[in-house]
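Given two chains presented individually in distinct reference frames, assemble the corresponding complex, making use of the accompanying hints.
Residue numbers (this note's numbering), protein chains in the order written: chain A, 2 to 1343; chain B, 368 to 481.
I should point out that these hints are in silico values taken from the structure, not numbers from a laboratory.
Just so it is clear, the structure is predicted and the values come from calculations on it, not from any experiment.
Take every hint as true, because none was put in to throw you off.
Chain A is faced by these chain B residues, among others (derived, beta-carbon under 8 Å): (1) Asn369; (2) Asp380; (3) Leu381; (4) Gly382; (5) Ala387; (6) Leu394; (7) Glu398; (8) Arg420; (9) His423; (10) Thr424; (11) Lys426; (12) Gly427; (13) Asn428; (14) Ala430; (15) Gln431.
Pairs of lysine-lysine, DSBU-like flavour, derived with a Cα cap of 35 Å: (16) B:Lys411 <-> A:Lys1312; (17) A:Lys1237 <-> B:Lys413; (18) A:Lys1312 <-> B:Lys413; (19) A:Lys1314 <-> B:Lys411; (20) B:Lys413 <-> A:Lys1314; (21) B:Lys455 <-> A:Lys1237; (22) B:Lys411 <-> A:Lys1237.
Yeah, the Cβ is synthetic: ideal placement off N, Cα and C, and Gly gets one too.
Single-letter residue listing:
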Amino acid sequence: MPDLLRGTSAPGDAEVARPGAALSRLPTWLAAWILALVYFVTARGFLLLAEINPSASPVWPPSGIALAALLLGGRKLWPGVFLGALAANLANGSPLPVAILIGAGNTLEAVAGAWLLERFAAGAHAFRTVRNAALFALVAFFVATPLSATIGVGALLAGGLPLAVVPQVWLNWWLGDAVGALIVTPVLLLVGRAGRHPAIQRRWAESVSVTLLMLVAGVGSYFQLPAGQHPDVSTLQAQFVLAAQYSLIPALIWAAVRFGPRGASWTMLWLTAVGIATAMAGNGALSIYSQQDRLVILDVSICAFALILFLLGGLVWERWDAGVRVRDERARTASILAATLEATQDGILIVDRAGRTSSANAQFAKMWRIPPDLLASGDDDRMLAHVLDQLEDPEAFRARVQDLYAHPEASSFEMLPFKDGRLFERYSKPQVVDGRPVGRVWSFRDVTTRHQAEEAVKATAADYRTLAENSPDLISRFDRDHKRLYANRAVEAVMGESRTRLIGGQPGTSAHVEAPAAARSALIEAMDRVFATGELVRLSNEIPLADGDHHYDSRVVPELDAAGKVATVLVLSHDITDQVKARRAAADSQKRLQEAVAIARLGSWEWDVPANKIVWSPQLVAMFGADPEHPPADYAAYLALLHPEDRAMVDARVQKAYADGKPYVVDHRILRPDGAVRFIHSDGQVFQDPTGKVVRMAGTAQDVTEVVEAKRALEKTVARFNEAEAATGRGTWEWDILHDKAVWSESMYLLFGVHPSTFVNNNENFLAMILPEDHAALAKAMGDALASPGPFLQQYRLRRPDGSIRHIRGEGDCIVEADGKVTRMFGSVQDVTERVAQERRFEGLLEGAPDAIVIANDKGAITIVNSQVEKLFGYARGDLIGQPIELLVPEAARTRHVGHRTHYAAERHARPMGAGMELKGRRKDGVEIPVEVSLSPVQTPEGLLVVSSIRDVTERRKAQSALRDAKEAAERAAQAKADFLANMSHEIRTPLNAVLGMAQLLMGARLDEHAQDLVRVIHTSGEHLLTVINDILDLSKMESGNLELAQAPLDPLGLARDTVRMISPRAAERGLEVVLDPAGDPQPFVGDAGRLRQVLLNLLSNAVKFTDQGRVFVRVRGVRRADGTVRTTFAVEDSGIGIPAERLGQLFQPFRQLDASNTRAHGGTGLGLAISQRLVGLMGGQITVESAVGKGSTFTFTVDAPSATLPAVAQPALGAVPPARNLRILLAEDNPVNRKVALAMMDRLGYRADIVANGQEAVEAVQAKPYDVVLMDVQMPVLDGLEATRRIHAQKGAQSPFIVAMTAGALPGDKEKCLAAGMDYYIAKPIRLEALSEVLSGRGGP
Amino acid sequence: MNADQALRTLLSDLGDDRAAVVELVNLFLTEGPTLLASGRAALKAKDIASLQRAYHTLKGNAAQFGLEGVREQALAIEQAARGGAFPKLDQLAALDQSWAEASAALAAWAANGR
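One chain only, chain B, in its complex shape (with noise of 0.2 Å):
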């Protein structure tokens, strides 16, 4: 599900309330950075559990407005981290990269809608 259809798909589930599903990117778009930031935070402390959290959540969050590709690559990091492994820096960098490009189409979206 790309991110076309899972904004249509949440319009409809919200009764094509617009303004809704807005204010829903919006905070997504402030959401997703603070994920990211802990998720490295966790890296830094060893702390493997809050690590496989964030990223799980990212992941969750990503499905929900189909940024595939950050869906993807967050869990393939939760997953590593729930058989105890730490991610790879350029993993990381490579996240990051999708989340700027992801979130970059979904702002456009939410500035000025189709």
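Bound conformation, chain A alone (with noise of 0.2 Å):
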């Protein structure tokens, strides 16, 4: 088997060994070594033969031994090389040079030698082809050694060889290095098992042969004739020798064509060496030539040899490779037939042209019972015989081969029975060869089994159709269109048609039957659902036949084909209308039953009076709850069934009637033996005998029990209702038209003040009593109830026959008959005098109020309003009453005061309404007016009321808004001034800037003395007033409230060593020392820091003002607290002259200086501390002062403030580089000034930008890379910073940068201009450092 699966292989692969591989197991370096040492000891023996030229032999192995070693250890070897042919060289007497070249040339020979056979020949394995080995001797012949004669005579030459000699030194060389190549290389190739084809056997006989005959051919070159003993002996010595060596050529042939290239190497070795023995000794063919001749034609012929040995060796070696592969194949292919033939289930046989068995599988032989010995002894006609003998028509089959056998290219097939009733089937066919029968391929397969399998569903289906057709169910067949594919007879027997005519019909249906449309679409239903799911379906279904209808109880039934899926249906209907009509009955007889016992209320009797004697009905039996087995037998025992209190009363009835003879009737109780009281309704008959005596009376009893009590029940309730009805001033009643007739309840009469009894109840009678007033509005009512026939609701007065006078609340319907018409009415009063009463107290009320008063039910109708609300809104109560109430609500609010009151009508309250807001209402002229509205709930039997109470508040608005228009006024004055303040100190800045600058200009001019001081005065003067003007600017900011603080973290300490350095020239100045404690622990926080250093300074700036000696101190304390914020105190402490106590109270008003005398001494406007206290309070603290005269003051000013982290850039160190931020900014700037301050300050912040000079390139350049601002001047050639701006937003959209503008602009409107084009941000120049901080911090770094 495994030989099956393993396929071809390339014969030879597995058992030849690689050749050299013992050479390739040791150290490179010691391969190297021992091939050296080979090397130069063939060399030096091979050197002896060297004639011209000591270096060039005409025979040279070690060339051979050379290329072998490199092909089989690898060319990494060639230091071995090398080494063996210097060392013989050396030895030789070569000078080091000649021999180092010698010695290249025989390495380059080998190296590239082994390259170009590895590369192109197979290396090793060269002599396995014909091409290969015919590569090997052209690489050998022509390429590497005419390589190493060429480098070696070359060194010769340069060593001083006469160039006479170069030609035959150069040819003895190569053809010696030839030969060693081409003789030694194959030998040592192909030595070991790496010579022998692993289909070849050892020829141990032919090898004998051969080698002998080698021998003697070899021995037979060196045979000589003993010199002298005749004439021609070197003639026959020749002849002799020729002869013998000749002879070599015929073993030569013999030993490659059977033994391959390794017979063909190991002939030429041993040729080889006879005939260079022979040269050298002088004998044989060439013994004319002289030694060196005889070894170069040598040479040639040796190497012609070769290379007809090599080619004829690789020929023999490829037949082999072929000869193993179709060995191999046959095997393979054998194999496989074998195996199928074993592998399959049928019997085989396979005979040949004669009909003699050639083969057979085991399966043949187990299925015709043949004994392994009978098989095995190949006779035919036993075997036929054998077979014959099983068969049930022995004849039939012989005539049948014999006929095949007749035609050897027919196949046939037929089954063949067995006497023991199994059956084969047989195939015969011609087996072909080259399209020529050779031989025929019988077959048998056993098919009894499905045979019989066959044979017994035929059988089963038959049985089953058998059945079918029997079946008094009806039985039919449908597929997936309801299409009737089979029916039996039962079914041809209900449908009245034969089944030809109803196959191919639908369900239920044929010409004569019908079944009912709904059973017909249930069948189908179910029909579907079982092709669908594939379960069975039950159903009940009916069909009407002459016989009345048929009931049948169905299955659909699915019937599978191969693939599981449900091709048809099968319809089996049992016929149930038996048991159904028996159900009915029951049904039937059950109902009888029940009427039965409802008649058992109805008892008869008959009482044969001359005997006394009674026979009772049973149901009156039962009704009496008597004794079934002893029913009472006379008339006393009937009578002492009946209620005590009754009995009486039945007896005279029956005696009257016994007496007179005629029927009677009679309601009375009985009594029950079991304490049941019932009602019965008894009549009775008298029979008489001519004679006029009584001889029978006859009747019957009924239990009316529950119809007496149910009247008691209504008689009851009727009673209740009157008096309810009494109690709450109601009655009912109800009129007959078409008689003019009226019912009316017993409350209603007592309510009329008259009498059932005497009051004829008509229409006339009733309008009679109404009040005249009331008339027309009450007939009115019910006329219109009556015209389109509908209820009526009517209040009216009426005057009771005692004269009092009620007020009614009259409501009625009308009763409709089936034609339309109205004969009757029917309805209830009430009486609602005292509500009204009620009523009209509560109107007084409403009309004492002094606001105007709406109420409104739940749905928004008014119902109520007094005369303010006429007086108020202009609408008459009449146009009011009834109207929603949204009727006064300004249109526009309408709506969503619906939903207000929705929302209340949930969540009532007493409340104001719409609370904080100016409500208005609207009057009938449409005018609006301001209200105030409150509102009530009040919970009444009619539903929710809302009262509204409105007020109107024009006077109060308008009082509110003449307040709110002074106010303003007054704010507006205040603000005007303080436009004013500002506007003049502008407007005297401008002129003292003149005056200053003028100052200092003629400081500069050489002016005398006087002049100058002159000046001075002027300058001082001038810088004085516009301190003060600018404080009074900054106070008249603060008390209008229009100072607003930077609000960005600072360093509070920082900023007071800012301040002290600020203030200490000025110091020193007076010899003063400000020191700063910066122990105070002092925390970053959230304030103005311009401020807090303006503060700062001046109360610095006082101190040193007014300390003439001594030190000012500086503390500054940070206090954390819980909530965040962080408290800040500063303290200026000086040594000062002190202020009196009596002054610090003034200290802080605006214009005052503690010593008029002092301004000039100490100078200030006397704004300072003002301005400093209200800076304080708006930082949310608070400014105090401690001082004594003549000690010195301490001013201290705390600050509450958030806390906050000093972002990195809020406190660079001076000269600091603060940290480069990563925000890409354009300037766009014309003017290199603006250009060069824009980069300083950006510069000082951290940030870097690119610079463009007009409009123009500011678009290209947001164009080419991307910016998150763009500081955009407004006024640029080329192109203006609106157009760009507009430019840019059209092409980058949202991925605008943020544009900023920077102007000198300052003119109404610019800043508007800018924002319009689509800059988002606007700063003013000359720019600040806190603006261009403040707008690029904004944007933030990426």
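Given below as structure tokens:
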């Protein structure tokens, strides 16, 4: 089996060892040394042959050794070649350079040869194909060896070799190397197993024969006659040697053909050895030449021989390979065939043309029960006999077989029945080779079981058909389209039609019979369900037939096809008509039973009066609860069963009827033995004989207890109703219009003060009681109700016969007959006199109220208003009642009001309406008036009412508005003042700046001392004035609330340090020292650094101003508080003149200096402290002072502010470079000065910017590279900032950078223009660090 | 704001980098005459837009360095130009005068610093 799966493998690969494996297992260095040694020894030996030149031997096996070694052990062994060659040449007496060169030539020869052979000719395996063998010869002969010869001879030439001998030496060298390579290399490569083809057995006899032949030929070549014994001795000897030598040729070919490349190589070696030996000895065919020539000629012939033999050897090896492949392939095919033959279930016999068995599988023997010895015997006649013996019809089979052998190309098939009941299928097919029949294959299959199964199926199907045909149930088969495919006889019978007409039709229908549509669709639906689900469905259906409806219990059964899908359905219907009828009959009798029970309420009796014997019907016995076994037998027993209170009465009736002979009827009670009291309606008749004697009485009795009780319950209800009516002042009535007759409830009579017995109850008398002024309204209401039949409701007054007046609320409805006519009315009345009185009182209250009051019901309809409402809104009361309350709400608010109203109804409580809103009411004339409304809910029997109390607040609003106007006017005035101040300051500052500028210029001019003094005064005064104006402006801003404080993180200690540094020069001028105490743990917080500095500077400059000697201390203390804020306390302590206690109060008043005379001495505007105090106040702190005259003052102020973390940039040490920010900024500015200012400031803030000089460039720059911010000058040449901004937006859209306008505009409307153009922000020139920082940090670095 | 204050502000804004402010001043001292010249050239060419822009820029620069007089005169010319009016020659002469005085003071500041 493994052979089958292994597939083909290259012959030889697995078996042939890699040549030179032993060599390659050695370490490289050792292999190289061994090679060197071998090379050296061999070289030394063969250099002895060198004649013309000691370095050029005509036979040079070392070259073959070197090539073989490099092919077997790898080219890495080349140093061995070199060393061996070098040593050999040195030992030979060559000078070192020559030896090196020759060695190099030898090495190159071996390396190049090995490389070429490995590359193109399978290396060490070269002799296994003709092609590679030819390539080997080519490489060895024409490439490698000429190389060595050329280099070697070149070296000798350089070493002084005469030019004349060069061709001879070169030829020697080349041929010597070539013989070495061609003879020695193959021997070495093919030595051992490597040269033996795995398919070739050892041929000992042949090997020995060839060896002997070659030995004889070789020895023969040495044969030498003793000289001088024969005149022709040399000729004879030469002939002999020649013959011996030529006998080598067949030996060579024999070896090559029979032993392949190895044989060829070994014989070549032998030939060479013999050839050289004879040549050396001067014997043989070439003895006429000089030794050197002999060797050369020998070399050439050896090479020619070698080539032929290699090709021959390669050819032989290829043939061997091919042979192995063919053998393998054959074995594989045969094994597949055998396995197939055995794997099949069929018995197979293969015979040749003559009909003799050539092969048979085991199955064949088994099927035909052929004993192994018979099969093994190959006795075809006995085998045929054995076969025929088993068959039912042996002669037919024999005839068929003979017929087939007569027609060798025919195929045939038949069934073979056996005597023992088995059944074989037999196939016979010719076996054809090259289109001609060479034999015949018989195959047999045992189909007994299959055949039996088929037979069984056929039988079963027949059985089923019989069953179906004779079934009393209806059996049909339907396909997916509900088409009938089959119907049994029962179906034919029911449908009244032959099945040929039924098949193809739809279920439940034929020419004669039609099942109800519902039954048919139920069946179709059931079929569809079976087709869909594959599950059986049961249903019942019916078919109307001549003898009445037939009921069927049907099953729809799925029939599956081979794939398991429902192919058709069978409908099996079983007739259950009889069961259905029986069930119905049972139900009928039950019903009759129930009717009988009901009849049991009526019993009958017959009394044989003369015999005083009463016969009771069973019902009567049951009714009276008497013992059915012993019913009351006589009249007395009957009476005993009656209620004791009724006995006398009944007896009297019976006696009277007896006496009069007339029928009677009596209602009475009975007391049943079980204690129950029943009401009985009895009647009786009297039968007399012709003499008038009563002979018999008979009658019935009926239990009317339920009727009596129902009647009593009704009476009780009516009585209660009347009581209730009377108690609530209600009454009910019904009026028969056609007969003009009314029926009133008792309480209605009471209500109307008339008596039912005396009052003739018709319409006229009723109306007569109504007050005449209410007549018309009531008549109209009732008339309307009658005209379009429906209910009415009307309130009216009535005068009772006793003269009292009652208010009645009457309502009623019509009773409409089937013909649409109104024949009767009914209704109720209610005495509402008390309520009317209450309402009157309520209305009086309403009228007395000062506010307008509107009462609305839960649907928002106005029900009551007072006269103030009429006055306020201009509506008449009648216009308002029943209208939605939104009538009084301004149109704009109406929808909203409905929502509010609904909401209020859900959450009712007294409250003012629309708290905090100015409500408006709407007058009839459309004028809207301001109102205040309060709401309160009133729960009444008619539902929720909402009372709205509305007050007109027009006057109050006017007053408020006037107040507001006055306040605004005052504020405007204050603002005007502030504006005036601001403007004035500006107006003053402008010329003042000029004055100061001029004064400064003058100071620089050459003036005499006096004039300089004057100018200095002008300058000082101007500066002072400027300060005063600035201070006033600040103060005015603060007072008008226009001062806005910056909110940025700040470092209070740094701020104090800066401020101290600012004041220090002035302090130093006065010989003072300002000391900052940093120990107060100040904390960063959020605040306005500029303003804080202003306050601190003011306090410090005061301290310096009013201190003549000593020091000024500044302390800053920070306290972090739990709520995240920081309280910072700044204190400035001086050792100055101090402030008298009584003056401390004035200290912070504006324009107050402590000592007017001081003003000149100390300067200052007197506004500093006032400003400081207000600033501190704005910052959420306060400023205090402690002072002692002559000792000094301490000013302290606190600031409470949120704690902050300082951003890295907020605390740059002076000169330190803040970290560069990662914001991409483009500066578009044409003016170099502005450009430089902006860049310098950005640099200080840690930003870098790209620069462009006009709008066009800005647009291009933004297009080329993304920017976060563009600082855009507005006025630029080429393209101004506004247009540039528009274009940037147009191009970039949402990706536009943040564009900041920079302009020295300050003209009104400029800013708006910038923003309108799409700029995001605006900063004014001159640019300030703060503004720039704000806008850039606001953008944040990405 | 006079020149003194303006320079102080600029110094503070630039981190007391006096060298930077001096450089700015020197730049302004060379840029100013250029602006004045381009204003005059625009007047000659009756190019109202360029004229307006030149004085606008001069105004801005003057404000930067607190040259109040120069600023105001440049502003007056700029505003008139916005309204389409060209300045009178004596207006330009007055501006030149203001510039000469103010720039002398600035140059002195830049040269020796106070």
